[in-house]
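Position chain A against the provided structure of chain Y, taking the given hints into account.
Keeping their order, the protein sequence lines are chains Y and A. If you're matching positions, the first sequence starts at 1 in this note's numbering and goes up one per residue. If you're matching positions, the second sequence starts at 1 in this note's numbering and goes up one per residue.
Just so you know, these hints were derived from the structure itself, not from any lab. The model shown is predicted, which means the values in this text are computed figures rather than measured ones. We treat Cβ as the ideally placed atom computed from N, Cα and C, and that holds for glycine. Don't take every hint at face value.
[Said to hold, decoys possible] Heads up, incomplete: computed chain Y residues facing chain A, CB under 8 Å, no partners named: (1) A9; (2) G10; (3) Y12; (4) A15; (5) Y17; (6) V19; (7) F20; (8) L23; (9) M31; (10) S33; (11) L48.
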Amino acid sequence: MALFAVAHAGRYVAAAYLVFLALVLIYVAIMASKLGRIERELGELVELSRRSSATPADAHTREGQPVA
Amino acid sequence: MYGKGLRGLSIATVLTLVGAFALVFFYAPTDADQGVIQKIFYVHVPMAIVALCGFVFAAAMAIQHLRTGERRYDLRAYVAIHLSLILGIGTLISGSIWAKASWGHWWVWDEPTLVSFLIVVLLYACYQPLRFAIEDPEKQARYASVFAITAGAFVPLNFLAVRLAQAYTHPRVLGTTGGSMPGSMRLTFLVSVVGMALLFATLWKYELASKHTAQQLRALRARLTGDAAAPTVRSGQPALPAESTV
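Bound conformation, chain Y alone (with noise of 0.2 Å):
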C-alpha cells in the first residue's frame, strides 16, 4: 500500500520536472529555429553581397572584350 503511494506521488512528480524540462525544451526548439532563420537570411546576405560586387566586375571584362 505504501509502494502503491509512493508510486501515485511519483507519477506527480515527474509530471512537474516533465513540464519544467518540456518547457525549456520548447524555448530551445524555438530559438533553434530562429538561429536557423538567420542563417538562411545570413547565407542569402552573403549571396546578394558576391553578385553586387561581381556586377562591375564582370562588366569590365566585357568592356575589355574586343567587338566583333
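Just chain A, lined up with the frame of chain Y:
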C-alpha cells in the same frame, strides 16, 4: 555584445541545475508530512521566485530606458518579461500538479497566493499585445516601459498583500513558518534557486544575442538592397539602432 560570456554561463547553468536535481532526488530528505510530493517544491518555488524577480528586473530596465532613452534597455526589459512569463506559466502548471497531488484539486480560488500569482501572469500576458497594438516604434517602446514599471511595482505590492492575508492553504516558504527547513532541504532549495536564476540569465543573454543579430542582419539587408524603409524588426519587437553594438 550579448554573446560574450555565454559559453561559461551555459556550462555553469547546466552544472548547477544537474547538481540541484541530484540533490533533490539523492540528498534532500523526504518530507514527513507530504512525502515524495514535496519534491515538486524544488522546481515550483525557484521558478516562481525567478519569474517575479525577472518582472522586477524588467521594470528596472524599463526605468533605465525612460531615463536614458536608449533602446537597448527596452530590448532587455522585453526579453526579461518574455522569459519571466514562460517561468510564470511553468509555476502555474507545476503548482496545479502539486495542488492536485496534495489537496486533491487542480486549483483553489480562495487562496490568495495562487490567485494573485495568476493575476500577475495575466497582467504580463498583456505586455506583448500592447506592443503589437502600437505602430510607432518610439511610442511603443515608451508605453511598454511605462507598462513594465507599473506592473513591476505591482509585484512586490502583491507579495506584501499575500503576506498580510489571513487565510492560507498554500504554505509560506520565505516567511516565519516556512523558515524552519532542515539544513539539507535548505541547501537543496538554495542550489535550485541559483540554478534557475542562472538558467534565466543564460536564456536572457541567448535571446538578446539572437534578437540583436537578427536586427543587424535586417539592417545589413536594407543597406545592401538599398531599401532603407524596410523594417528591421517585427512590429511588436523593440528596435535597436542599426549600428548599435550594445
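- Query: Any CB of chain A closer than 8 Å to the CB of A15 of chain Y?
  - Reply: This interface hint holds because 5 Å falls under the 8 Å limit.
- Task: Under 8 Å, Cβ to Cβ, is where G10 of chain Y needs to be relative to chain A, so tell me if that hint holds or is violated.
- Result: Check passed: Cβ of G10 of chain Y comes within 6 Å of chain A, closer than 8 Å.
- Query: Per the CB criterion, is V19 of chain Y less than 8 Å away from chain A?
  - Reply: holds, 5 Å
- Task: Mind checking the CB of M31 of chain Y against every CB in chain A and telling me if the closest is under 8 Å?
- Result: Holds. Min distance 6 Å.
- Hint check: is the beta carbon of Y17 of chain Y less than 8 Å from a beta carbon of chain A? Holds, about 6 Å.
- Message: Given a cut of 8 Å on the nearest C-beta pair, is the interface hint for A9 of chain Y held or broken against chain A?
- Response: Nearest chain A Cβ about 4 Å off; hint holds.
- Item | Per-residue hint verdict: L23 of chain Y, partner chain A, C-beta under 8 Å | Interface hint status for L23 of chain Y: holds (5 Å vs cutoff 8 Å).
- Query: With 8 Å as the cut and Cβ atoms as the points, is Y12 of chain Y at the interface with chain A?
  - Reply: Cβ of Y12 of chain Y sits 4 Å from chain A, so the hint holds.
- So, L48 of chain Y near chain A? Judge it on the closest CB pair being under 8 Å. Cβ of L48 of chain Y sits 5 Å from chain A, so the hint holds.
- Hint check: 8 Å Cβ-Cβ cutoff, F20 of chain Y to chain A: Since chain A brings a Cβ to about 5 Å from F20 of chain Y, closer than 8 Å, the hint holds.
- Holds or violated: is there a CB of chain A closer than 8 Å to the CB of S33 of chain Y? violated, 11 Å
Hint 10 alone, counting from the list given before, is not met by this structure.
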